[in-house]
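If you read the sequences in order, they're chains Z and A. Letter by letter, the first sequence follows residues 1 to 300 in the numbering used here. Letter by letter, the second sequence follows residues 1001 to 1292 in the numbering used here.
Worth flagging that the hints you see were computed from the coordinates, not collected in a lab. Glycine included, every Cβ here is placed at the ideal spot set by N, Cα and C. Hints should not be assumed to be uniformly reliable.
[As the list claims (entries may be wrong)] Coverage of chain Z stretches by chain A, computed from C-beta distances (three or more under 8 Å per stretch; other residues unrestricted):
{"hint": "1", "segment": "44–58"}
{"hint": "2", "segment": "61–70"}
{"hint": "3", "segment": "73–79"}
{"hint": "4", "segment": "183–195"}
{"hint": "5", "segment": "244–256"}
[Claimed, not checked] Computed footprint of chain Z on chain A, listed as stretches where at least three residues anywhere in the stretch have a Cβ under 8 Å from a Cβ of chain Z:
{"hint": "6", "segment": "1048–1060"}
{"hint": "7", "segment": "1073–1079"}
{"hint": "8", "segment": "1109–1121"}
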Amino acid sequence: MKRNYGTAYAVPQALWLTLFFAAPLAIIIVYSFLKKGLYGGVEPEFSLDAYRALANPTLITVAWRTLWVSVAATLLTILIAIPCGFSIAKSRNQAMRLFLVIVPFWTNFLVRIYAWVSILGNEGFLNQALRLIGFRPEGYQFLYNQGAVVLVLVYMYLPYAILPLFSTIDKFDFTLLEAARDLGATRMQSYIKVMLPNIRGGIITAVLFTFIPIFGAYAVPLLVGGKDSYMLGNVIADQVTKTRNWPLASSISMTVTLLTGVAVFLFTSRSHKKAEVAKDLDPRALPAEPSGDSVRAEVR
Amino acid sequence: MAARIHRVSAWRVAALYNARRALRKGARAAEKLVPRKAPVSGIIFWLVIAFLFMPLAVLFFYSFNKSRSGQWTGFSFVWYQKLFLDSPDLWKAFSNSILIAVASALMATVLGTLAAVGTSRFNFRLKKYVSAMSFLPMVMPEIVVGVSLLVFFAGIGLKLGLLTVWIAHTTFNLPFVYLLVSARLEEFDPSIIEAARDLGATELQTLFKVIIPVALPGIASGFLTAVTLSLEDFVITFFVSGPGATTLPLYIYSMIRFGVSPVVNALSVIMVAGTVLLVYPARNFLKVFASR
């Protein structure tokens, strides 16, 4: 007779997350319906002011910008990451290539943002290099605009997209591509019609790993963006730390969370159906398998 | 006696498991003998690597620059000297970061591993709640987590400091550990556990002598992921940190306005070099890590 210890095992984590994740979130929801206190904080009085304030045209502009910057950056990231993952999966030296992808991420991300500032800045590397080859002697401002924000966002989240894509492409049966070619598909057709549906799971993960953090981005637009590149994350932070309008910060947070949630739900549920179909087509849906090292470690 | 039998059988089951894995691996290796060539994607890959390393090259370059500005004025070790001899604030922030990273990763690893063991083996009423709660923080924008924790700490009157940073880091680390350990546990044959129980092991013995050893790669990658996430985190820490609890990212952030001192570049170069030397020999581990 096997006793059920499930609850005993799970209770510590459940308690922790209830207390430090669910409860704070509940407070945010409550705060978004309260009146703003005179000196920060809230008054215990029901009010929809914080939601009415969302209709503010500046805020709508920021929300719209956040959405398109996130979509553009995510799309670019995924488009670059797919061939990279493919190339790593095909390589004879996968571990080495993965290592190369991960190394830059052991530098603190603020330091890397700052490095980008010194590359793109007025007196930065790029302008100096352009001047050397006799281009734009007056120097071009690459920094503090939306292009810079998208570029640095893509830079920051590429590995988060490359890793899951690599692991699904690595499990993809490459002989299917040959089969497609034998059946008369062009190379491009074989990639798009045979490989893409089979790696859908990896694409979904990669999109989630990039879109969500980019949508809530705070540091990148603050440090490499200009006045016209503020995103919702910056507005929330300003409301909390500068204006101290907690209800408004809460209502914007709720909106960001809901928008992310809806996007994630729509995206996963739609792609999920297709992914299921794709899975049925793949005769060898093998589970993930780690390399020999971990197996050796486990016997020890 | 019972413990001895139990150990031997666990060993044998593990060996069997190992052999099965090796067989599958062999099949995969054979598949790789077929020449695969991908020139276009290869070119893209190396361009991306160049792109990823560009800021690192800039850091490296500036860390040896004599002057503080962007212009190259000559080679010097002055920033390295300054880093080791004259940067007490930076080292304080660095040690805070390490302390928080290790402490929060430990807490998250203990809680997350236990929960993963529970949900992978049993059905119970809380199960859905636990897995939902472990998924949500990952899909929640960081800034929302940070703001909500700040409001929460203010509400219960907890003073912002190392303790609040530790709580926050443990909270965002938990789901990752839970997920990595769960993935590992899903892979192994549950009959090993049944066998251990049949041979008379208690629940605790089973946990420490069978489950944890088998799940160790997952637990280790969970712990390392947690340490990395914690060392890197800026947004959440920014909201929940108070006086005396400055972590390295916060310290760097406070410098950025005045232009980061090349001392930070020197520190980054040393940290990257250190991590590369530590991890390069174990790079195969990354593959396991990536396939999670």
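A quick look at each hint next to the structure:
no.: 1; hint: 44–58; result: violated (count 0)
no.: 2; hint: 61–70; result: violated (count 0)
no.: 3; hint: 73–79; result: violated (count 0)
no.: 4; hint: 183–195; result: violated (count 0)
no.: 5; hint: 244–256; result: holds (count 5)
no.: 6; hint: 1048–1060; result: holds (count 10)
no.: 7; hint: 1073–1079; result: violated (count 0)
no.: 8; hint: 1109–1121; result: holds (count 9)
Of the numbered hints given earlier, the model fails hints 1, 2, 3, 4, 7; all others are met.
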